[in-house]
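As they're listed, the protein sequences go chains A and B. In terms of this note's numbering, the first sequence is residues 10 to 125. In terms of this note's numbering, the second sequence is residues 15 to 128.
Just so you know, these hints were derived from the structure itself, not from any lab. Honestly, I wouldn't trust all of these hints.
[Claimed, not checked] Okay, derived cross-link-like pairs now, DSSO-like style, lysine-lysine, Cα gap no bigger than 27 Å in a straight line:
id, chain 1, residue 1, chain 2, residue 2
1, B, LYS120, B, LYS36
2, A, LYS87, B, LYS63
3, A, LYS92, B, LYS120
4, B, LYS120, A, LYS20
5, B, LYS63, B, LYS36
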Amino acid sequence: EAGVAQSPRYKIIEKRQSVAFWCNPISGHATLYWYQQILGQGPKLLIQFQNNGVVDDSQLPKDRFSAERLKGVDSTLKIQPAKLEDSAVYLCASSPPGLAGTNEQFFGPGTRLTVL
Amino acid sequence: AQSVAQPEDQVNVAEGNPLTVKCTYSVSGNPYLFWYVQYPNRGLQFLLKYITGDNLVKGSYGFEAEFNKSQTSFHLKKPSALVSDSALYFCAVRDDGGNNRLAFGKGNQVVVIP
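Bound conformation, chain A alone (with noise of 0.2 Å):
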């Protein structure tokens, strides 16, 4: 079984530039996360999809990310324009259908963020 995929690996960008990652989950998890994880620290979710649908965007920064999930498929998670503070490694991961929050999440090998 193929696990997610995450590209690029790794980017580094000057601040107020625009980035986007992209992030292709295991075949059949509807549920879809993105997680923001500074060095140090634990991940902290950014977005929830189910499917299309998003089911907590509660700590992603609007004014500056956004995300999409097309087709429920692929997702891409974009930050513009971005801050000093953004330099973390950005974590997607996937679920597969089951009793909501009792199945494992799959993570990708994220991708490594720094803003100069």
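Chain B: place on chain A using the hints.
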């Protein structure tokens, strides 16, 4: 809101000795508890979970964890540590009520000394 505390930054243990990584949680309802491991430059990998039932949960790579409701703890254990267990370990909790978000602790770096 749900939260997790992992009080130690780093756990050092000699190879072959028992390994324990501590986790306490806070939720308003009943907890769903998870442990994940992260190796360098890789995403998180699931180790084990507690949803309901037996308080002792067994998972991957010889790890187990015990759910203790009175102490609100879910400590991760392994009877005999291997050098390859050196990694970053995250405890996470989800409330079984309305808020479905998974909250992670800050992580514990485990160093197994040969």
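Hint check:
1. In summary, the hint linking LYS120 of chain B to LYS36 of chain B is supported, as the alpha carbons are separated by about 12 Å, within the 27 Å threshold.
2. About 32 Å separates the Cα atoms of LYS87 of chain A and LYS63 of chain B, which puts this hinted pair outside 27 Å; it is violated.
3. Simply put, LYS92 of chain A and LYS120 of chain B have alpha-carbon atoms about 23 Å apart, close enough for the 27 Å limit, and the pair holds.
4. Of the supplied pair hints, the one linking LYS120 of chain B and LYS20 of chain A holds, its CA atoms being roughly 24 Å apart against a limit of 27 Å.
5. Pair hint LYS63 of chain B plus LYS36 of chain B holds up; C-alpha atoms about 15 Å apart against a cutoff of 27 Å.
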